[in-house]
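In order, the protein sequence lines correspond to chains V and W. Numbering (the working numbering) for the first sequence: 8 to 493. Numbering (the working numbering) for the second sequence: 137 to 617.
Where hints are given, some of them may not hold.
Footprint (simulated), chain W over chain V, 3 or more residues, beta carbon under 8 Å [what the hints assert, rightly or not]: (1) 51-62; (2) 98-105; (3) 291-305.
Rather than coming from a laboratory, the hints here were simulated on the basis of the structure. Beta carbons: idealized from backbone N, C-alpha and C, even for Gly.
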Amino acid sequence: MNALPKNLGDRWEMVIGLEIHVRLDTNSKLFSGMKASYGASPNSQVSFLDAGLPGTLPVINQKALAYAIRFGLAVDAEIPPVTIFARKNYFYPDLPKGYQISQMDDPIVGKGHIEITTEAGEKVIEITRAHLEEDAGKSIHDKYDRYSAIDLNRAGTPLIEVVSEPQMSNAKEAVAYMREIYTRVTHLGICDGNLQEGSFRCDANVSVRPKGEKELGTRAEIKNLNSFRFIEKAINFEAKRQIKLLEAGDKVIQETRLYDADKDQTRSMRSKENANDYRYFPDPDQLPIRITEEMIEAQRQCLPEFPAQKIQRYVDELGLKADDAMIIANDINMSTFFEASGKQSKAQADLNAKFLLGEFSALLNTQGQSIEDSRIDVVSYAGLLDEIESGAISRKVAKQVLDEMWESGKSASEIITSKGLGQISDVSALNELIAQVIADNPSQVADYRSGNTKMFNYFIGQIMKQTKGQANPVQTKQLLEELLNE
Amino acid sequence: MINLSIRQLSEMLQEQQISAQELCAVYYDRCVAHNETTHALITQRQELCAAEMLQAEKGIETGQLLAGIPLAHKDLFCTRGIKTTCGSKMLAEFIPPYDATAVARLKHAGMINLAKTNMDEFAMGSSNEHSAFNPVNNPWDLSRVPGGSSGGSAAAVAARMVPVATGSDTGGSIRQPAAFCGITGIKPSYGRVSRYGMVAFASSLDQGGVMAVSADDCGLVLAAMTGHDPLDSTSAPEKPLQWKKPNDTSLKGLKVGVTQVWIDSLQDGGVKKRTLEAIEYFKQQGAEIIDINLPHADLAVSAYYVLAPAECSSNLSRFDGVRFGHQANDAHNLESLYRQSRSEGFGSEVKKRIMIGAWALSAGYYDAYYLKAQKVRRLISEDFKQAFAEVDVIACPVSPELPFKHGEKADGVSMYQADKFTIPASLAGLPCLSMPIGFSEGLPVGLQLIGGYFDEQSILSVADKYQQDHDHHLRIPEAFV
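Same shape as in the complex, but just chain W (with noise of 0.2 Å):
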């Protein structure tokens, strides 16, 4: 049953061959099972909601597809009633008064939320040790960590926690995490998904989007996300994404780009390995396969520091201790309530990077930093649509690196530096995914196809395709079967 897809779930629902009860039950015990071992979880709801159980099984009469599925969200979500702490000390009590538009979505197509998954910070990291709680195991080996800063999510798909799960995405967020723990996940175009009642990292690069085992699953609940949103004004005017799983399934014809100087500087024999397999299946189904050029794109990795950081350090002013969130109890004035209050909630990572936002937006710095950066932003959203003039889909890597060990990388620039292949499309805000494509020395390896703005179905297309001919996304981890 874990490794059915969410169609055949639906069917069994709606043929009453099973109830959403009964499902949540098998998914809620395995949550329960393996929250020790991988500690994807921070919140698990003790018992089913019945409203959301109504929903459920009113979805189910009328045939709506998604109706009776579990899932949990990335604990960036605002959840009404339910604990919401993006991962920090800062947050930890914190209950909000009203769901996010993609919960309130999700809730509405009848999906049923068992649990809150773990996160770096706020969103800031790739690993997910720099969650305030428990740092998440990658099932694959609970010596490695599952990625980030979704690595909750990820991590929760990957051990069949849960069928799928929403995440967040600034800068490879969902990407990478599904990449390290062999599932799929897709950020969509900046604007598909609303931000309303997700917790801001960087509002200019933020996206909720999904984690699951096929590119189908995620099409298919990233759909029910999508569409306008008027409490967000980023929020795109465009109808709600219709997947469409493809029938005709060839590839003929379908030009892919390759950015061939990525893959050359991949130093990991085996990522190399399995991307250049995978392109190579892509050739095999008739593709054509044309070698791009994004000038820009090396100059990613340090707009994305001075941009991403400024806007942090912004949005993450409003935790001053003095409304909602960590209060220092020991504070005599005003100036120590909030030095107190902020020192203790936020976590070292966090601290850094409004240090560094806060200064790239100073007197005297703005223009060198954050305007020069918003520059190249400009110029790789630039490269990129050249690109697209030419390409239907890049197919690139996502990490360049398998999962490392805990503890591995120590120093900050290293781990920023493993988002280089990620980030580009992040300033683009053009849809992206990871789909697994292979393992090496028994660890997963995912590949990144990135589609043209709004041309979600495109890349999903192509996911479906290679999924069909190939069975590494619905591997699980043997302790985990």
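Chain V extracted, bound-state conformation (with noise of 0.2 Å):
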């Protein structure tokens, strides 16, 4: 579904504030010290605590309060000196303690913001807090008849929710948000990013109101978006909805929806009157936590370069071209290979980014393998780079050596080498072919000599032929051209 059609967004405006979850990428979970890894079998990863047995007690997983502070600074919020943990509580399944642990007053992260771009230009965003909270098991209703199976392995994990103000106006801003979130926190290095696996996912609370009035207008919540796409669709459906409904002089409805991506709409899960009194109250099995200067700084220390500073860079420093810099920079796998590789290389560093969004990326692509996990690793790519640097190979060649190295495992130097495709850049055969190709073709010479200097191609055409591409260009070139004119 597309943005609001130009008579109504004429005359309406949306509001949208995000709640975004972020699970924290912790060996162990949010309170019972139990692994928290994803795709484990059901109900394997389960502490006394995480089942909620009697007598067992919440112990804070310091390296999630550690996150979450880096978190908070990376998005330039206050960052209290002390933080309390609070229990939400409300009766279900996959809820076995009957009570969320989660935060109420003085969350760990306080107010702060983050810059968007869309196409209509640059926007801030506040970032109302962010606080620490433990996720809930998983309920599965489709496996069984007449039961609903329980597993508790995600019971726990650390999560860290951040709750935006409601300043986005359209749903392209929502989506610049929520990529910008991602962005940040997965250069943090404290989300492993994944969408499927619901490492990241998001709930929208959208409203609108006739353009120009200051009041809000009653919202909706849509629940558990964990797509990029889907949240603009989602977004837009709603705001059409609520409009739909506000010109035919009814009323929106405070509640819970559902995004049905089949469908493309949303549906009602449930209405405020339904909703639960959750009777948060201070955990009394936790003492509040004294935030230090010294935590604190710890994490300053840990605070990566964020695309923005590192496309800078990257064009500044580096002389990449603007767009391939934001290609690199923006995906924290690439550009941690592409710098890994040009500390290795003495390739330029124009050569790396365009073998790498070029070459490499194509390679990687039909393989259906992630930059990651990629077979060639970054000592054998650097290798490669270097042959072409200097000349050994051209980039034609290049890009048979790299299958080559994908199938083999071998290094480019070796294959290079065993396969004979070194570029000839000796001068002096170069010259002895040249030589021989000028007196085989006597009547061309005499076109081009007599004008013609288009014939200049041919000559290199017959000279590519004869070495099967391997004749350096630039040389060749340079050397056909004195011959020529001598």
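Using the supplied hints, reconstruct the complex from the two chains, each of which is provided in its own coordinate frame.
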């Protein structure tokens, strides 16, 4: 579904706020010390605490706390001197304790902000807060006829919930905001960013109001959006649904809705009247946690360079084209590979970028492999770049060598030597070859010398044909010119 | 033998005048003989655990003081492989797969677990009439209550079924039954004893402690239970308690704070008389008696009965019949499973407190009740802080009355008011104990001693001194001699 059509867009505006759940990439759960890896067999990663057994007590995972602080620093947020965990009480079978440990007052991350870029330009979105909480388990309703199944592996895994101000005024901005948060948490190394596994998911609060109106309209909350594409469609559908209601003189009711991607529509899940009273109160099993300057400083040291800064550096210091710099910098895995190979290789950064985005990415795509677990590692890749840079092979041959490397696991230099793929850069050898071509084609030479300069390419073609493309193109061109113009 | 102190028993074990096996057999037989009349125990171990006996024998060889001494645990301490009911139908068949930290530490010290003691359901009650099993009878008068919620532990020690038992105290649950049963019981400072493995009632108030014949016995066993536990975030980082039985036993110069208004308010002449006598004794011994003021203490019961139920309403949510505990067998959907399991599994007092607590936490009432009660709690802590700037210990009544008859207090509020002298120190997280100071109408009377934060040593020392000059704590009810 598209953005608001012009006739609606002239009369109405959307107000969107997002709550993003970021699964922290820690080894263990938030309070139990149990492993927290994804995809283990059901209920194989459940401690006594995760199962809610009586007498068990939560002990905070320091790493999760550190990651949350790191996130706060990355969005210029206030980190309070003391943070408090609270209980959110409700009954559900995948919530074994009957409450979720979350935060209410004094969350670990206070007010912050980020800048987003859309076609309309740049905009600052304020972050209200971000708090730590444990995830619930998983209920599986479609496996057995008369029962629901519960998998508690996920119960207690650490999340941060990032709450934005309602400051986005269209779905594109919401997507840009979500992407920006996504980029930060993946660059910070605190989230694996796996959307399918639910490591990054979002609830969108959407309302509409007549253009120019100051008061916010009644909002609906769309739950559990885990794709950038769906969130855009869901918001646009929802806004149009609300406008239709209001224009017909009906009211929007405050409720929770689910987005059905197959039907491209949202449907009601529960209304506010049926909403739980969560009876939040400070978790008496934990004392308030003091956040020291040292803890904050340690995380400041862990802050990486963000894409915007990286793009700038790539362009200014490495001489990359802005477009290339952007593509590489925005993908943490690609920029890591790019920088590591840059350190290993003597090749110009621009050659590295072009080859990485060109031939190498094409190969990875065909093979369906991602760059972080590419079969060709940084060192081998850098070796290939060096062969191009030194003129030993052309880029065309390099493509062939790359394929060979993938198949055989051999290094570029081994392949070049064994297959005799090295470029001919020896001046005397090239001179001999060119002299022979000139001698073999007297009429074409006469033609060229009488002013038909287009014939130059004919000779290049002949030389390349004879050398199977191995003649160094720059040197060949230079020597040919010299000999023809003698 | 049944009136020997732990030090004396330990000496006999070390000198091989008796084996751990034989000592346990003496108490085992008493457990069997007296449970019919007292109902002090919910679970008796049918045979002694071989691993525990081995640990005890090793401990005796290496001179560990507690090695070979039998004990019983209040039935809210999780004991691996042994039923832990918490006095509730909800957990009637619950067998924990782990030991509470306190249990593990005492096991490590070589103590031998003989039984699990009866208690008010989920530690909610002051009479033990709220046990889902048989209500406990007071060994001094079987028609009377032993106090609660650690009434089973108190009765078991009073009847010398065990020399010592663990207890837990949220608002007076060790001190009041200790007073009612004529034994000594200590609730340490909040954070002293790990709460890991104790089924929670009110997390910010619950503390494990000890009930025994004498203050010295209490000190020895308590010391072995204390020390930081990485499994409990509220466990204090301090080193374990080092209970040193004082050599210099003079009370000269000791500043004893007395809440005169509390004593004046006592309606029961016997309780009042014994309390004044005990204070007179301190004075005779050279202590300086200072009248102290706790201006907010009157609000303690009201604040407590908001905070404790609020926490319990959340703590008890996990008993939903899904993973463990009582499960209704004719539920037809999720909601009826919850409703029926909880309706059948919990007793009336527990339900009442869950409802009070859920209400106090609900939207629109939170500020007026929960937050206000938290403020009162802080004010009471401040009151104590000011008092302890002037005094070393505070002496005051434990209970305003003598042990009452079963069924005598049908009305909840009057039962709640019975905790008015014990709740203030609980809210402030301070160490406190109850020791026997004589009898009235043939029933025991206790005195409460409250210490500064983490100063268990002072209150135990004062009690120890008192017990060297008196023998109330050594009296055993006739039927159990």
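Evaluation of the provided hints:
| no. | hint | verdict |
| --- | --- | --- |
| 1 | 51-62 | holds (count 6) |
| 2 | 98-105 | holds (count 5) |
| 3 | 291-305 | holds (count 4) |
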